[in-house]
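In order, the protein sequence lines correspond to chains A and B. The first sequence stops at residue 110 when you use the numbering used here, and every number in between is there. The second sequence stops at residue 112 when you use the numbering used here, and every number in between is there.
No wet-lab data here; the hints were simulated from the structure. Watch out, some of these pointers could steer you wrong.
To be verified - Derived Cβ-Cβ restraints for the label pairs, each shown as a range:
| id | chain 1 | residue 1 | chain 2 | residue 2 | range |
| --- | --- | --- | --- | --- | --- |
| 1 | A | LYS42 | B | GLU59 | 18 to 26 angstroms |
| 2 | A | GLY54 | B | GLY16 | 48 to 56 angstroms |
| 3 | B | SER65 | A | ASN55 | 25 to 33 angstroms |
| 4 | B | GLU22 | A | SER52 | 35 to 43 angstroms |
| 5 | B | GLU59 | A | GLN80 | 41 to 49 angstroms |
| 6 | B | PRO69 | A | GLU45 | 26 to 34 angstroms |
To be verified - Keeping only pairs whose Cα atoms sit at most 20 angstroms apart, straight-line, the calculated SDA-like set for lysine to any residue is:
| id | chain 1 | residue 1 | chain 2 | residue 2 |
| --- | --- | --- | --- | --- |
| 7 | A | LYS2 | B | ARG37 |
| 8 | A | LYS97 | B | ARG37 |
| 9 | A | LYS2 | B | ALA40 |
| 10 | A | LYS2 | B | ARG42 |
| 11 | A | LYS97 | B | SER65 |
| 12 | A | LYS67 | A | THR50 |
| 13 | A | LYS97 | B | ILE53 |
| 14 | A | LYS97 | B | GLY43 |
| 15 | A | LYS42 | B | LEU46 |
| 16 | B | LYS79 | B | SER20 |
| 17 | A | LYS2 | B | SER20 |
Owing to the predicted nature of the structure, the values given are computational and were not obtained by experimental measurement. We put the CB at the ideal spot given by N, CA and C, even for glycine.
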Amino acid sequence: QKEVEQDPGPLSVPEGAIVSLNCTYSNSAFQYFMWYRQYSRKGPELLMYTYSSGNKEDGRFTAQVDKSSKYISLFIRDSQPSDSATYLCAMSEGTYKYIFGTGTRLKVLA
Amino acid sequence: SQTIHQWPATLVQPVGSPLSLECTVEGTSNPNLYWYRQAAGRGLQLLFYSVGIGQISSEVPQNLSASRPQDRQFILSSKKLLLSDSGFYLCAWRPNRAYGYTFGSGTRLTVV
Numbered sequence: 001q002k003e004v005e006q007d008p009g010p011l012s013v014p015e016g017a018i019v020s021l022n023c024t025y026s027n028s029a030f031q032y033f034m035w036y037r038q039y040s041r042k043g044p045e046l047l048m049y050t051y052s053s054g055n056k057e058d059g060r061f062t063a064q065v066d067k068s069s070k071y072i073s074l075f076i077r078d079s080q081p082s083d084s085a086t087y088l089c090a091m092s093e094g095t096y097k098y099i100f101g102t103g104t105r106l107k108v109l110a
Numbered sequence: 001s002q003t004i005h006q007w008p009a010t011l012v013q014p015v016g017s018p019l020s021l022e023c024t025v026e027g028t029s030n031p032n033l034y035w036y037r038q039a040a041g042r043g044l045q046l047l048f049y050s051v052g053i054g055q056i057s058s059e060v061p062q063n064l065s066a067s068r069p070q071d072r073q074f075i076l077s078s079k080k081l082l083l084s085d086s087g088f089y090l091c092a093w094r095p096n097r098a099y100g101y102t103f104g105s106g107t108r109l110t111v112v
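Okay, chain A solo, but in the shape it has when bound (with noise of 0.2 angstroms):
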């Protein structure tokens, strides 16, 4: 079992939708968490990081940590095309190293 599971996708929704991506693991000493949003051909861009349980909020994007079900998510509200790109999900105990999701290809269609 992967440490760190993502759905590949890819998930197409019509502009305006709410999206939901989400992440699950398997190591419950994991307590920072992020997402990741990666345009093709370049470097992944931070989006939201939390520490623990519950949820942060930043604009049209929410994230949510449920650490009893080791499951993480990131919602994204009135999706538009510009948020077609591949998401990544990591997280750590807290050391220096960050354990990354293979990514979820999602694509808004206008």
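Fit chain B to the given chain A structure using the hints.
Relative to chain A, chain B alone:
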């Protein structure tokens, strides 16, 4: 503000040739520095990280090495490239464990 520079953006190298990729960070001091590799359809694989000058930790034994000759400079090297070294190489930094990574723009390496 802090910025990270990584070059070159694209590189095509023959098998057996040497490699040197450079990464520099501006606007901060004593950053934690990282080299990742991203293969097609796979996640980011941590190759090396450094918490200070001359301090390098290797995560995956392989054909690559890293060096940190200056506080804000991180170099990825190989003496002889293999076909399996092809991939997208990303440098990243963060000030400390309380923050997420900031990635560079990446180097796409093709070994032919």
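Quick rundown of the hints versus the structure:
Separation of LYS42 of chain A from GLU59 of chain B is about 23 angstroms and conforms to the stated range, judged on CB atoms against 18 to 26 angstroms. The given range of 48 to 56 angstroms is respected by GLY54 of chain A and GLY16 of chain B, whose C-beta atoms sit roughly 52 angstroms from each other. Remark: the range hint 25 to 33 angstroms for SER65 of chain B to ASN55 of chain A is contradicted by a beta-carbon distance near 42 angstroms. For the hinted restraint 35 to 43 angstroms between GLU22 of chain B and SER52 of chain A, the CB-CB distance of approximately 36 angstroms keeps it satisfied.
The hinted range of 41 to 49 angstroms is not satisfied by GLU59 of chain B and GLN80 of chain A, whose Cβ atoms lie roughly 36 angstroms apart. Look at PRO69 of chain B against GLU45 of chain A: about 28 angstroms separates their beta carbons, and that is inside 26 to 34 angstroms. Our distance criterion of 20 angstroms between C-alpha atoms is met by LYS2 of chain A and ARG37 of chain B, whose separation comes to about 18 angstroms. Restraint check for LYS97 of chain A and ARG37 of chain B: the C-alpha separation of about 14 angstroms stays at or below 20 angstroms, so the hint holds.
Between LYS2 of chain A and ALA40 of chain B, the direct Cα distance comes to roughly 18 angstroms. Compliance with the 20 angstroms bound is thereby established for this hinted pair. In summary, the hint linking LYS2 of chain A to ARG42 of chain B is supported, as the alpha carbons are separated by about 12 angstroms, within the 20 angstroms threshold. Distance check on the hinted pair: LYS97 of chain A and SER65 of chain B sit about 18 angstroms apart at the alpha-carbon level, within 20 angstroms; holds. Under the criterion of a C-alpha separation no larger than 20 angstroms, the hint pairing LYS67 of chain A with THR50 of chain A is consistent with the structure, at around 12 angstroms.
Among the hinted pairs, LYS97 of chain A with ILE53 of chain B is consistent with the structure: their alpha-carbon atoms are about 18 angstroms apart, no more than 20 angstroms. For the hint pairing LYS97 of chain A with GLY43 of chain B, the CA-to-CA distance comes to about 14 angstroms; that is within 20 angstroms, so the pair holds. Between LYS42 of chain A and LEU46 of chain B, the direct Cα distance comes to roughly 17 angstroms. Compliance with the 20 angstroms bound is thereby established for this hinted pair. At most 20 angstroms may separate the alpha-carbon atoms for a hinted pair to count; LYS79 of chain B and SER20 of chain B meet this at roughly 9 angstroms.
Taken as a hint, the LYS2 of chain A and SER20 of chain B pair is broken in the structure, with Cα atoms around 31 angstroms apart against an allowance of 20 angstroms.
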